[in-house]
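Visitor: Chain by chain, the residues:
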Amino acid sequence: MNEPAFMNQMPAEANVVSASMPSANRLFLELGNPAGIAAAMGFFTEVQKARLMTITCFETPAFFEMLHHLDDSGIVVTLRTILWKPANAFPSVAAINPAAELIEHEIMELYGIIFEGNPRPENMILTDEWAKLTPLRGKVSQLDARMDGNIATIIEHGSTTAPSKRVMKVRSGMGMPEGPPLCPLKCPGKEIIFTIAEDSGTVSRHPNLKKEAGK
Amino acid sequence: MKRYIIYLGCMIPMRFPSVEKSARLVFADLGAEIVDLDGYTCCPDPVLTRLAEDEFSLALSARNLALAEKLDNDLLVLCNGCFETLVEAEEMLRDQATRARINAMLAKDGLEYTGKVRIRALIDVLTEDFRPGEIAQKLTKIMPVKVACHTGCHMLRSPQHPKDRIKILEDLTVATGFEVAAYGRELDCCGFPASIADEAMAMKLLITPKLDAVKRSGAEAITTGCPTCLYQLESNQVAMKKLGSDIDLPVFHILELMALSFGHSPETMGLELHRSPAKAFATARWGVSQ
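Sequences listed follow chains L and H, in order. According to our numbering, the first sequence is numbered sequentially starting from 527. According to our numbering, the second sequence is numbered sequentially starting from 1267.
Simulated from the structure, these hints should not be mistaken for laboratory data. The beta-carbon is built from N, C-alpha and C at its ideal position, and this holds for glycine as well. It cannot be assumed that every hint is accurate.
Unchecked claim - Per label pair, the in silico range of CB-to-CB distance: (1) L/Ser599 <-> H/Glu1400: 52 to 62 Å; (2) L/Ser546 <-> H/Ala1550: 36 to 46 Å; (3) L/Met700 <-> H/Ala1463: 29 to 39 Å; (4) L/Ala625 <-> H/Glu1357: 28 to 38 Å; (5) L/Pro645 <-> H/Asp1464: 26 to 36 Å; (6) H/Asp1512 <-> L/Thr660: 31 to 41 Å; (7) H/Glu1299 <-> L/Glu704: 40 to 50 Å; (8) H/Arg1384 <-> L/Glu704: 45 to 55 Å; (9) L/Asn559 <-> H/Arg1384: 38 to 48 Å; (10) L/Phe589 <-> H/Ala1298: 30 to 40 Å; (11) H/Ala1505 <-> L/Gly701: 25 to 35 Å; (12) L/Gly675 <-> H/Ala1298: 45 to 55 Å; (13) H/Glu1357 <-> L/Glu529: 44 to 54 Å; (14) H/Ala1370 <-> L/Gly643: 33 to 43 Å.
Claimed, not checked - Covered stretches of chain L (chain H as the covering partner; in silico rule of three or more C-beta atoms under 8 Å from a C-beta of chain H): (15) 675 to 687; (16) 690 to 700.
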């Protein structure tokens, strides 16, 4: 799919590192760092006259993904920016597009991320007794170790479940091979899964992975 | 002779080898050949891994599909989650730029995904490729058991209406000689994804109302086509018992019920790894001798 002509006019300060257009009315732009969001939003708001639809935040163990969704003459443009942990502040775009103010507040209060430059520091959504709880953020933190462990187990055993002696005994008792035909048991090179994890950036995002999974 | 490449996923060979054994027995009885997919990996799982690492996940899915392409038959997927993951990967890999990027990673393993493998869910294969009469012909130990069916969410994400999807498992259960117990919460999730974030919430809001409804329906057992749902329906009964629940229903994969009804002995199927009273129930109903 050809990218729209306006891509050539994007300011360099937006630091767009990749673009993909899976269909004629959908465009994803990845920004290299949070600092680029002001220039990108400025371009779409002031030059393209695009409408800010919403902002969404997605938390993973290693980072927050901030997604600014805009409607540019029928093309839904999503600006994807990664905020690496432990950083916890993201530039506000409320001064560029006032519609962002309330949406940033939702993310601020639910995830505890500070939007630097948002004009209202006080809570707008949560009641006083919830003021310091950041309810959505709390749920993901307990997944961190599990996600790292899950990926490490896949790299080591090819499976999310490590084999147990009891299961292997039952398998052989039924006349089945102790090990199922999973990689690395039936795989010429065990290291291939780790190589894929390296190539896809997974290893760099999970600092403990190398130690846990080995190579 | 029908021939399928079998995709077992992780849960089946590592936690429920009885389901793997049943699959091998049932398809052999139905006159179909099963070919192992040597060197496959986790699909990866549609909840944690895909959420955390989309590119890594897509590459592993593509690798599994590329391995299957080399064997040149339909890929028979025994697990709901694996089915959803692989079908979604297939969809994402229709984009040529994405496919080229992922194939560059697979090239180091001497593999290439071209998009020619047909991915099929177990319940679809059993109902589309085998006439009810073919299954009925193999029933040598029909037991009058009232069974509640749990299809599982990942099997519902299809162009078909969810009510039509749940009917497939129900029809298969009837074709295997059982009576289906209607309990009104057939579409409710087993709670597994929610339990990763909050076990207590998942138990309170999802699994307890579902199991209560199953019990009220008069069902004597539960069946599902998904190993993760099976795990969840069993482990939550264990947890609920500690909180005073008296629900103690055996949970079976549909392939296990088929193998039992085809006359295979519960003693040789590895049912002891279930956390529900599946083995005791099967032994009481189907007996120990073959």
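Visitor: Are the hints correct? Go through all of them and say.
Guide: Checked hints:
Between L/Ser599 and H/Glu1400 the beta carbons are some 57 Å apart, a value that agrees with the proposed interval 52 to 62 Å. Checked against the given bound of 36 to 46 Å, the beta carbons of L/Ser546 and H/Ala1550, roughly 58 Å apart, lie outside it. Between L/Met700 and H/Ala1463 the CB atoms are about 36 Å apart, so this pair conforms to the stated range of 29 to 39 Å. For the pair L/Ala625 and H/Glu1357, the supplied restraint of 28 to 38 Å holds, since their beta-carbon distance comes to about 33 Å.
Range check, L/Pro645 to H/Asp1464: about 34 Å between beta-carbon atoms, so the 26 to 36 Å window is met. Range check, H/Asp1512 to L/Thr660: Cβ separation about 39 Å, and the 31 to 41 Å hint holds. Checked against the hint of 40 to 50 Å, the pair H/Glu1299 and L/Glu704 fails, with Cβ atoms roughly 23 Å apart. Roughly 31 Å separates the CB atoms of H/Arg1384 and L/Glu704, a value that falls outside the hinted 45 to 55 Å.
L/Asn559 and H/Arg1384 have their C-beta atoms about 43 Å apart, which keeps the hinted 38 to 48 Å range intact. Separated by about 46 Å at the C-beta atoms, L/Phe589 and H/Ala1298 break the suggested range of 30 to 40 Å. About 33 Å separates the C-beta atoms of H/Ala1505 and L/Gly701, a value consistent with the hinted range of 25 to 35 Å. For L/Gly675 paired with H/Ala1298, a C-beta distance near 37 Å fails the hint of 45 to 55 Å.
For H/Glu1357 paired with L/Glu529, a C-beta distance near 22 Å fails the hint of 44 to 54 Å. Between H/Ala1370 and L/Gly643 the C-beta distance comes to about 40 Å, which sits within the given range of 33 to 43 Å. With a threshold of 8 Å between beta carbons, the proposed coverage of the segment 675 to 687 of chain L by chain H holds, since 7 of its residues qualify and at least three are required. With 7 residues having a beta carbon nearer than 8 Å to a beta carbon of chain H, the segment 690 to 700 of chain L meets the requirement of three or more and the stated coverage holds.
Checked against the numbered hints given earlier, the structure breaks hints 2, 7, 8, 10, 12, 13 and satisfies all the rest.
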